[in-house]
Amino acid sequence: MSDRIFAVVWLAVCALIAVQMQQLEIPFSYEPVGPKAFPSLLAGLMALCCIYLLVKPDTDIQWPDASGIRKGLVLIAVLFGYAILFEQLGFPLATALMVVVVSRLFGGSWLNGLITGVLTGVLGYLFFDRLLQVTLPIGQLWR
Amino acid sequence: MEIMGFLGQGFLVALKPLNLLLALFGCFTGTVLGMLPGLGPINGVAILLPIAFALQLPPESALILLAAVYMGCEYGGRISSILLNVPGDAGAIMTTLDGNPMAKKGFAGVALSISAIASFSGSLIATIGITLFAPLLANWALSFGPAEYFVLVVFAISTLGGMLGGKPVKALLGCFIGLALATVGIDSGTGVYRLTFDNVHLSDGIQFIVLVIGLFAISEILIMLEHTHAGQVALKTSGRMLFNAKEFGQTFFTMLRSAIMGFGIGVLPGAGATVASAIAYTTEKRLNDKDGTFGKGDIRGVAAPEAANNASAGGSFIPMLTLGVPGSGTTAVMLGALTLYNITPGPLLFQQKPEIVWGLIASLFIANIILVIMNIPLIGLFTRIMAIPYSIMVPLIAAVSFVGVYGIHSGTFDLVLMVVLGVIGYILRKMDFPTAPIILGFVLAELMEQNLRRALAITNGDISILFESPISITLWILSALVLILPVALRFRARRQAKASPDPLNP
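If you read the protein sequences in the order shown, they are chains A and B. Residues in the first sequence are numbered consecutively from 110, following the numbering used here. Residues in the second sequence are numbered consecutively from 141, following the numbering used here.
Among the clues, some could well be false.
What the hints assert, rightly or not - Restraint ranges, calculated between C-beta atoms of paired labels, are given here:
1) B:283 x A:240: 42 to 52 Å
2) B:379 x A:178: 37 to 47 Å
3) A:241 x B:551: 12 to 22 Å
4) A:240 x B:481: 19 to 29 Å
5) A:172 x B:245: 35 to 45 Å
6) A:178 x B:509: 39 to 49 Å
7) B:272 x A:249: 55 to 65 Å
8) B:272 x A:168: 43 to 53 Å
9) B:423 x A:240: 43 to 53 Å
10) B:389 x A:160: 48 to 58 Å
11) A:160 x B:285: 32 to 42 Å
12) B:430 x A:153: 51 to 61 Å
13) A:227 x B:195: 17 to 27 Å
14) A:227 x B:389: 53 to 63 Å
Claimed, not checked - Interface residues of chain B toward chain A, partial, derived using beta-carbon atoms under 7 Å:
15) 312
16) 323
17) 330
18) 334
19) 335
20) 534
21) 535
22) 555
23) 571
24) 596
25) 601
Said to hold, decoys possible - Just a sample of chain B residues kept apart from chain A, beta carbon distances all over 12 Å, derived:
26) 224
27) 244
28) 379
29) 392
30) 422
31) 428
32) 482
33) 484
34) 491
35) 626
36) 631
For the record, the hints were derived by calculation from the structure and aren't laboratory data. Heads up, the beta-carbon is just placed ideally off N, CA and C, and yes, glycines get one too.
Use the sequences and the hints to build the structure in full.
Below, the structure is given as structure tokens:
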């Protein structure tokens, strides 16, 4: 079932690529192939693979159970939040918050998560930004 | 003896204090990452690549660090295979079969030390192989024109489909997805924007690092969430720590055979350590399993896969360095690393940047020695690191991944895109798509498309140029063979199975 859903979704992507390539306006080309051919060829090849999956899907795909999916969604939300707040909150604070929640999700205690979080945020900032000169955001709060 | 001169120069590069330090750090980190279940060489190299780049290491130093991590992972995978019965990375799956039974019988120390020596001999033979064969292949590849290059990439993609186990269509589809992802952005031939959907951030295309970290760090974290087993109990490494002369003699030819076989498999584009160790193990079993000891703690069953997976890791450097076509997922990431430095791997690399090629080869020799020294006495330290729970390890991996991706463009968009690609990667992996083909496709796209366009520009659109030279024709035939042969063999096996029912599963 999963394979079939994926195949349908990806067929739509292939169609999108093909349409996009048809609409591409090329000012002037010195070569016979041009920029359209290769992506269109790939869309065709991917479509063939998708049709195979539609006809012969794998039946042994296992997804996590309801609680597993819930945990997975929380983790994805945390990662998105971390990505969006990375600059605004700054590395130390955003990282500390992320570590606390992720550590909890992986079965750590609140206290351990808090200690790991604060240490990672502060030491990570000093290590990467100050010592190794990899620029990291400090965040609006501390300015 | 031209080679010795080049190798000497390589050692001058590899022995610089910075490069030695990076090799040492890479070996240690690699062993740890290889040992942790779930994390393998491709994750290790993916996580460290952006850091190396953000630190503005010179290209040869970055490559030395990544190569040391790669080799370290092939060493580290065996530790958890033997002590936990959980393979530390995909190349170490076969090592569980005899490694863990040996440890249960109280020979954990012997299994660990003999597998360290097997890893050492595998890597050593592969590195000697690189030194001897890579320059020859590079010279030969100089005669490749655009048509030959295009067909070579077709061959690499076909081996992926043919070799990667039971899901050839998914491997191929993954590879096409990687190729398609790489076409996003400005087209270098005409300057038009392709598939950017008018998004400014996509006009440069999808950043290689963003894709790699998304696929191999973020999706890995999501996979790990399903395996939150609290504190696995590692078997004790009490008793004799070192193998004796008899055990060494028993395994000597096993290691030699497996290393040579692994090397050969590693050189093939697409087929990696997993295939090599499986073939080496089954070969040894067929040759030596007279008393039915394989699978019950036979020392040769530990030595064979370890020698093979290290040798194949070494062998996979050859097509990457000489042709610019990586032999494994991990070398695909390294190839992407080189392109970040505006260095195009391929036959010209040997002439234009000998310090990079030979510095890398020399550092493989050095890293191998560091690893075998590190892996025998320090085994106690490594087993203690293995006890670090996921609740500390995973957030650290997440933080380091974000730092690395933020380091390239200093923007939020890349971070969000990385998480999106990570979620897609997770879904694909749950559906049994192998991820290495995606990255292989991504790094090969430019080479493939540009050479196709260049070849057809020569003949003004006549595709017969793709089938003209003997090299192209041979590669076409080989591509067809690797795609068709497994299907044909499976078909035959199924017919035979129908004709004479399997005695084990009636």
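Checked hints:
1. A hinted range of 42 to 52 Å holds for the C-beta pair residue 283 (chain B) and residue 240 (chain A), which are about 48 Å apart.
2. Between residue 379 (chain B) and residue 178 (chain A) the CB atoms are about 45 Å apart, so this pair conforms to the stated range of 37 to 47 Å.
3. Here the CB-CB span from residue 241 (chain A) to residue 551 (chain B) is close to 20 Å, well matched to the stated 12 to 22 Å.
4. Take residue 240 (chain A) and residue 481 (chain B): their Cβ atoms lie about 23 Å apart, and the range 19 to 29 Å holds.
5. Between residue 172 (chain A) and residue 245 (chain B) the Cβ separation comes to about 38 Å, which falls inside the hinted range of 35 to 45 Å.
6. Under the hint 39 to 49 Å, the C-beta atoms of residue 178 (chain A) and residue 509 (chain B), about 47 Å apart, fit the expected range.
7. Look at residue 272 (chain B) against residue 249 (chain A): about 58 Å separates their beta carbons, and that is inside 55 to 65 Å.
8. Taking 43 to 53 Å as the suggested C-beta distance range, the pair residue 272 (chain B) and residue 168 (chain A) conforms, at roughly 48 Å.
9. The hinted window of 43 to 53 Å between residue 423 (chain B) and residue 240 (chain A) holds, with their beta carbons roughly 49 Å apart.
10. At about 56 Å, the CB distance of residue 389 (chain B) to residue 160 (chain A) agrees with the hint of 48 to 58 Å.
11. For the hinted restraint 32 to 42 Å between residue 160 (chain A) and residue 285 (chain B), the CB-CB distance of approximately 34 Å keeps it satisfied.
12. In this structure the hint that residue 430 (chain B) and residue 153 (chain A) lie 51 to 61 Å apart at CB holds, the actual value being about 53 Å.
13. One distance hint, 17 to 27 Å for the beta-carbon pair residue 227 (chain A) and residue 195 (chain B), holds here, with the actual separation near 25 Å.
14. Checking the proposed 53 to 63 Å range against residue 227 (chain A) and residue 389 (chain B) shows it holds: the Cβ atoms sit about 55 Å from each other.
15. For residue 312 (chain B), the interface hint holds, since its Cβ comes within 7 Å of a Cβ in chain A; the closest pair sits about 6 Å apart.
16. Checking residue 323 (chain B) against chain A: minimum C-beta separation of about 5 Å stays under 7 Å; hint holds.
17. Evaluation of the residue 330 (chain B) hint against chain A yields a held restraint, the C-beta minimum of about 5 Å falling below 7 Å.
18. Because the closest C-beta pair between residue 334 (chain B) and chain A is about 6 Å apart, less than 7 Å, the hint holds.
19. Evaluation of the residue 335 (chain B) hint against chain A yields a held restraint, the C-beta minimum of about 6 Å falling below 7 Å.
20. Because the beta carbon of residue 534 (chain B) sits about 5 Å from the nearest beta carbon in chain A, less than 7 Å, this interface hint is met.
21. Hint status for residue 535 (chain B) relative to chain A: holds, with the closest Cβ pair at about 4 Å, below 7 Å.
22. For residue 555 (chain B), the interface hint holds, the least distance from its beta-carbon to any beta-carbon of chain A being 4 Å, beneath 7 Å.
23. Annotation: interface hint on residue 571 (chain B) holds; nearest CB of chain A at approximately 5 Å, less than 7 Å.
24. Proximity of residue 596 (chain B) to chain A holds as hinted, the smallest CB-CB distance being about 5 Å (cut-off 7 Å).
25. The beta carbon of residue 601 (chain B) is positioned within 7 Å of a beta carbon in chain A (closest approach about 3 Å), and the interface hint is therefore held.
26. With a closest Cβ-Cβ approach of about 18 Å to chain A, residue 224 (chain B) is found to remain outside the 12 Å limit, as its non-interface label requires.
27. For residue 244 (chain B), the condition that its CB be more than 12 Å from all CB atoms of chain A holds, with the nearest at approximately 27 Å.
28. For residue 379 (chain B), the shortest C-beta to C-beta distance to chain A comes to about 33 Å, beyond the 12 Å cut-off, and the non-interface label holds.
29. At roughly 41 Å from the closest C-beta of chain A, the C-beta of residue 392 (chain B) stays outside 12 Å, upholding its exclusion from the interface.
30. No beta-carbon of chain A is positioned within 12 Å of the beta-carbon of residue 422 (chain B); the least distance is around 23 Å.
31. With a least beta-carbon separation of about 33 Å from chain A, residue 428 (chain B) lies farther than 12 Å from that chain, consistent with its non-interface assignment.
32. For residue 482 (chain B), the non-interface assignment is confirmed: its Cβ lies about 20 Å from the closest Cβ of chain A, beyond the 12 Å cut-off.
33. Once the 12 Å rule is applied to beta carbons, residue 484 (chain B) is consistent with being away from chain A; the minimum gap is 19 Å.
34. No Cβ of chain A comes within 12 Å of the Cβ of residue 491 (chain B); the nearest lies about 28 Å off, and the non-interface call holds.
35. The non-interface label for residue 626 (chain B) is consistent with chain A: the shortest C-beta to C-beta separation is roughly 15 Å, beyond 12 Å.
36. Distance to chain A confirms residue 631 (chain B) as a non-interface residue, since its nearest Cβ pair spans about 14 Å, more than 12 Å.
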